[in-house]
Structure formats: structure tokens, C-alpha cells
Amino acid sequence: MSNQRADFAEFYRRSRNDCLRAVLVNVGDQDTAQDLVAEAFARAWASWRTVSRHPAPAAWVVRTALNAGVSRWRRRRREIPLPDPGSLASLPAAAGAGDDPVDPQVMAALLRLPARQRQVVALRLFLDLDTGRTAEVLGIAPGTVTAHLARAIAALRHDLMPVLPQETSS
Amino acid sequence: MNDDALLTAVRETFAGVRMDTPPEQIVRRGHAVRARRRLPRVAGTVAVAAGTAVAVTALLPASHQPGAHLAAWTVARQGDDAILVTIRQLTDPAGLQRTLRADGVRATVTFDDQQNPACRNYSRPSSALTNSVIGMSLGNRELTLVIHPSALPADAGVQISAGRLEHPKQGGIAIGLGFGLVQASAECTGS
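Those protein sequence lines, which keep their order, are chains C and U. Residue numbering for the first sequence follows the working numbering, starting at 1 and increasing by one per position. Residue numbering for the second sequence follows the working numbering, starting at 1001 and increasing by one per position.
Simulated from the structure, these hints should not be mistaken for lab results. Using N, Cα and C, we set each Cβ at its ideal position, and we do this for glycine too. Some hints here could point you the wrong way.
To be verified - Some residues of chain C that are not near chain U, with every Cβ distance over 12 Å (derived):
(1) N17
(2) A22
(3) H54
(4) V102
(5) R124
(6) E136
(7) I140
(8) P142
(9) G143
What the hints assert, rightly or not - Below, a sample of chain U positions facing chain C; criterion: calculated Cβ distance under 10 Å:
(10) A1032
(11) V1033
(12) V1075
(13) R1077
(14) R1098
(15) Q1183
(16) S1185
Put together the whole structure using the sequences plus the hints.
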């Protein structure tokens, strides 16, 4: 048991930030993302014997967190905190916005993507999953993953090129 | 900037996002999950009945409440016969209700977080049915509902209700938007 706990603690330490970032891209609010990811890691610990043998345990956590978010949303009328879209891009001085660790324009661009594109981007960006593994995690065809990623990159490029720091060539 | 460089630049903007929950707290929560799993399942009926309504909440910073930011909405019919409802601000629910009904959608709309008292829950609730009739997405500065009137059963209507809610944890006011199916009637949905 103590070995299992140490194993889980190491997994948590290693992957928690990337899981949080991947979920944040999808839900848009850091408090909600923290809670969903904490719940997902708790479920991972509750089934650690199984989850530890999963080919991509961090992806399992992200998928579980996103499913938990959807379940909450559908279960009954209750709050799913999301950032006010208007406050993201144009109101950086709004209450609390100054504490936002993510560039509001980047977050706004990500939130404009359709949900499936956001999921693909999140798994690729933060968990470094290849196309095949992303397809397995999301239960879609590899070709669909490729198409979603291409569309997402095109949209992000359109929205963010004026915002992101540019490469310099020598 | 190539694709990898673009994605790297996006990833780097998240460097400050960190999970601060200590592992001991996760383990304790995991024990609670195990305990929950041992409980008998008694809430199935409630879950099914509640499957007709979903909700989303958008947080508005307290310093940017009503007044100068009053809401607007638009209704547009798409090529596939779907109705696209874009809500930017919460105002004139009666106008939105009239517009939807004129477009052939049996609908009831309230923006005071109160349901129309004449409305009753749909008699055959189903998450799958609700999802086939209404979908929602969050865009930049707006919430979008896509309504498929052709998927709406003859005895059902669409309910859209929203309201401002105190949200002390985030130090602001939230807007809650709920939608689902109700039993169609002249008093509730117009027909």
C-alpha cells in the first residue's frame, strides 16, 4: 500500500500541472478546472491499481475530469463557472483579471474553438499525445484528430499571430 | 511561425497555471470516492428527471455589472433549418420569446431566474432528446444556442431561463443560463 501511495504521489507530482492546463483549456475557469482535476485524481487514486496500468494515465485523468464536468452540467441546473467572455479580451483591469495566469487573448482564442478541437489541442499541447493515442482517448478516428488539429491550428494562427511573440530569423 | 512553434508559444502562456492541491488531500478525497462507491444507488430517478435541463454560468466581474453592459440577442435561421440564438446580454426576454415563436419554435423565455409558472416539465424527459433539440456553445463574448425545431416532439416546447446570481467565491455576479424541454401549452409555450 505504501508503495502504491508513493507511486501515485509521484504520478500526481509529475502530471498534475499538465492535467490542470489541459482541463483549463476546455472549461475556461481555473477554479472549476482545479476542482475537476482534483476529483479526477481522487478517482484515479481510488482505482489506482487499474489506472496505473493505463497506457496514458494522465490522459485518463483529463478524460475523467472532462466527463465529470459534463456530468455536473447535465445532472441538474447548477452553476458551471465560465469566464465572462467579454472580460477576457477587453477588460483586463476587471476585478480578479489581473491575477489570471494565462494571457486573456490566448484563452479567448482557445475558448472560441469548438469543444472537440479544444480537446485535441489540449491533449497534444499538454500531454504530448500522438495522433493515435489522442484518437483512442477521445474515441474518434485518427484522421478526425488530424483534421481537428489542423483546423484548430489555423484558427489559433488567425487569432493569435498578432499577439504571440514572433520567431526571429538570422 | 510553423505549427510546432505556434503550439509551443500557446503552451508557454500556461506556464503559470499550477495545481496547488496537496497530494494528501487528493488521497483523502480518493478514500471518499471509494466510500461513495459502496453506497447503494438510490438517486437514479432524480437523475433521469433532471436530464431535461442544463445550465451554464458566466461570471461577470463585480465592477462590470448591468448598466453599461445590458444584453442583446439575435436569432437566425441556418441553412439546415436550425435556429441559432446568440445571447450576449440578458434583456428583453419577451422579445426573444416572440421571435422564436414567430420562427416556429414553441418556446418560453425568462431572464429573471424564474420559470414561467404555467410551464410543466416535459412528460417524457430524456437527455438524448434534449441534446438532439438544443445544443450550446460558448463563444467570445456570447453564448450560442442551436435549436433544431424538427427534432422537437409535437407536445414539447423549449424553455430558456437565465438570471443573475450572487457568486461570492469569485467576488462577482454570475449569469446562469438554463435550457430544456417543457410540456407544450398555450400558456407556457404559446401553442
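Quick rundown of the hints versus the structure:
no. : hint  : in the structure
1   : N17   : 5 Å, violated
2   : A22   : 9 Å, violated
3   : H54   : 16 Å, holds
4   : V102  : 6 Å, violated
5   : R124  : 7 Å, violated
6   : E136  : 20 Å, holds
7   : I140  : 18 Å, holds
8   : P142  : 17 Å, holds
9   : G143  : 17 Å, holds
10  : A1032 : 7 Å, holds
11  : V1033 : 4 Å, holds
12  : V1075 : 19 Å, violated
13  : R1077 : 21 Å, violated
14  : R1098 : 24 Å, violated
15  : Q1183 : 17 Å, violated
16  : S1185 : 21 Å, violated
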